[in-house]
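Asks: Below are the chains, spelled out letter by letter.
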Amino acid sequence: MTTLIENPPRPVGRTRRIFGRNPLGLLFSAPYLVFVIAVFAYPLIYSVWISFHDFFFTAPGFEADRPFVGLTNYLTAFQDPAVIRSFGNVGVFLLINVPLTVVLSLLLASGLNRIVHFRTFLRVAYYVPYVTASVAVVAIWLFLFNGDGLVNAVLGPLAPDPSWLINSAWAMPTIAFFVTWKQLGFYILLYLAALQGIPKELYESASTDGAGPIRSFFSVTVPGVRPATVLVLLVSTVTGANLFTEPYLLTGGGGPDGASASPVLIMYQKGLQQGQPDVAAAIGVVLVILVLGVALLQNRFAGGKD
Amino acid sequence: MSRFQKILRGIVLFIGAVAFLFPFYYMIIGSLQTAPDPTIAGAFPNPANVTTENYTAINERINLFQGLLNSGIFTGGVLLGTLVFGVLVGYALAVLQWRGRGVTFALALLVQVVPFQLLMIPLYVLIARDYGLSDNYLGMILPFAINSTAVIIFRQYFLQLPKELFEAARIDGAGEFAVLRRVALPLVRPALITVVLLTFIGPWNEFLWPFLITKEAGLQPLAVSLANYISNVAATAANPFGATLAGAAVLAGPVVILFIVFQRYFISTDIGSGVKG
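Note that the protein sequences, when read in sequence, are chains P and Z.
The opening residue of the first sequence carries number 14 in the numbering used here; numbering runs sequentially from there.
The opening residue of the second sequence carries number -7 in the numbering used here; numbering runs sequentially from there.
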């Protein structure tokens, strides 16, 4: 016996034609949509607007005249050698941080994926730095990498002089190593998820074809996690371009002598400390365009054909 | 893979784990030392050099309780916004058919890669200047109020529930809100814990935004007051490293404990789906 339960006929009103079968969906999503418009969409447009106008801080409610100034803010920003330098610094940062992150997180994830004993302990150990506040971890690294800190005590005569964070050649690489170490747990999780999607049979057939562990890593694992690699590249590049807390605290405001200043740190100094939000907004716009360009290139070369 | 290679892999992973955990161990040891001992011997507990004075010292400079409370209010506000509105939009995206659903889902994905550096200046102008919300919990919470990764995770979980459940409840005459609250929500409880963990670390660890928006020490979350201590007053304290590490331990403690206790809810597949969609 079959009983067909038919939906009671519902009146097809005008709201239904405009908003779809469940207009309530829009109502449920309304707070989130308002949030996205208020906190992301509008500020994004506003930021570009600020960068093309003579913008300064005024008291709340005070209407000031803010004339259009074309590219003046962009010229002011990029005639300052400190700004150019900060872009170079973040370039150095990304060159160290991004490849190191991809290689280490993939290697560690594929190791963790196969391990049987102590699985939970190892997994937690690798993501503890990721879940901890940068400010707290920075405090520990300051102590470890101090001139007469533990790292130099272990290295003895091999320690750089002046020490890591006050050495203009080592400050930026040290920050890049710090961020790699701190964020690695998150990327390991992404790769672990991707590794679960690779069918076991692929490894089995690779092994019957005589492939050793290294060979099957390169011919099965690496292509199998390609979408995750694209994601790791994108997220680590965006996170890296956002660098602020580490140069602010680890090297005392981008020191020594601007050698580790990041564009966001310069934006903070110019925009909020020196009251030039228009110049800071211009730096932000250029930074985002550069990051988008880098992300597109990465996608092109790592994303494969699909 | 030979037995030797397996053992080698185990050893490498173990050494890696020690490298990841050592700084935290060192933080505890360092926070309990009377005088900072940066030599190799200082990495081992020395009963002659143990004190809790550093915790008292940091508490005199920055009110730890007030800092924890402010971090708690900031984090609590974000969690509340994310759980209430995130569940609603996640449900709408997974279960309901409405115009704009695809666009909303695309927005939730896109928002996750919008760099904060571009938003920093306009958000500061809007929230601190135009709305006058500097030195205010609301101003702190606003930019983080609904976590988009959480929205995607909720959607993913609701999608996995069988459609017949919702139909049955609707035929029994339940309104859409009642279906969500009484049928869908109890079934996605694990997702709630995952989302709480994932959302928690955002505001609790956030430094830049609350740093920009709070100038009044009594309102600063612990991450901001500790950072101010590191950059300003540390030089004048008797044992600045001991006191700084004590502050770091108080800031790191709640999150580390939370993640160890609930580690089984922080699993790769959820996080993966949250970012990839």
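These are computed hints drawn from the structure, not numbers from a lab.
Certain hints may be false.
[Claimed, not checked] DSBU-like mimics (lysine-lysine), calculated; alpha carbons at most 35 Å apart, straight line:
no. : chain 1 : residue 1 : chain 2 : residue 2
1   : P       : 195       : Z       : -2
2   : P       : 213       : Z       : 155
3   : P       : 195       : P       : 213
4   : Z       : -2        : P       : 213
5   : P       : 195       : Z       : 155
[Unchecked claim] Derived DEER-like restraints, expressed as beta-carbon distance ranges:
no. : chain 1 : residue 1 : chain 2 : residue 2 : range
6   : P       : 175       : Z       : 37        : 56 to 62 Å
7   : P       : 77        : Z       : 7         : 38 to 44 Å
8   : Z       : 152       : P       : 315       : 15 to 21 Å
All residues carry an ideal CB built from backbone N, CA and C; glycine is no exception.
Asks: Please go over all the hints and tell whether each is borne out by the structure.
Replies: Checked hints:
For a cut-off of 35 Å, the pair hint linking residue 195 (chain P) to residue -2 (chain Z) stands: about 27 Å separates their Cα positions. Taken as a hint, the residue 213 (chain P) and residue 155 (chain Z) pair is honoured in the structure, with Cα atoms around 31 Å apart against an allowance of 35 Å. Restraint check: the Cα-Cα separation between residue 195 (chain P) and residue 213 (chain P) comes to about 31 Å, which is no more than 35 Å; the hinted pair holds. Taken as a hint, the residue -2 (chain Z) and residue 213 (chain P) pair is honoured in the structure, with Cα atoms around 18 Å apart against an allowance of 35 Å.
A threshold of 35 Å between alpha carbons decides the hint, and for residue 195 (chain P) with residue 155 (chain Z) the separation of about 41 Å lies outside it, so the pair is violated. Restraint check, residue 175 (chain P) to residue 37 (chain Z): a C-beta distance of roughly 31 Å breaks the suggested window 56 to 62 Å. Residue 77 (chain P) and residue 7 (chain Z) have their C-beta atoms about 60 Å apart, which leaves the hinted 38 to 44 Å range violated. For the pair residue 152 (chain Z) and residue 315 (chain P), the supplied restraint of 15 to 21 Å is violated, since their beta-carbon distance comes to about 30 Å.
In summary, the structure is inconsistent with hints 5, 6, 7 and 8 from the numbered list given earlier, while agreeing with the others.
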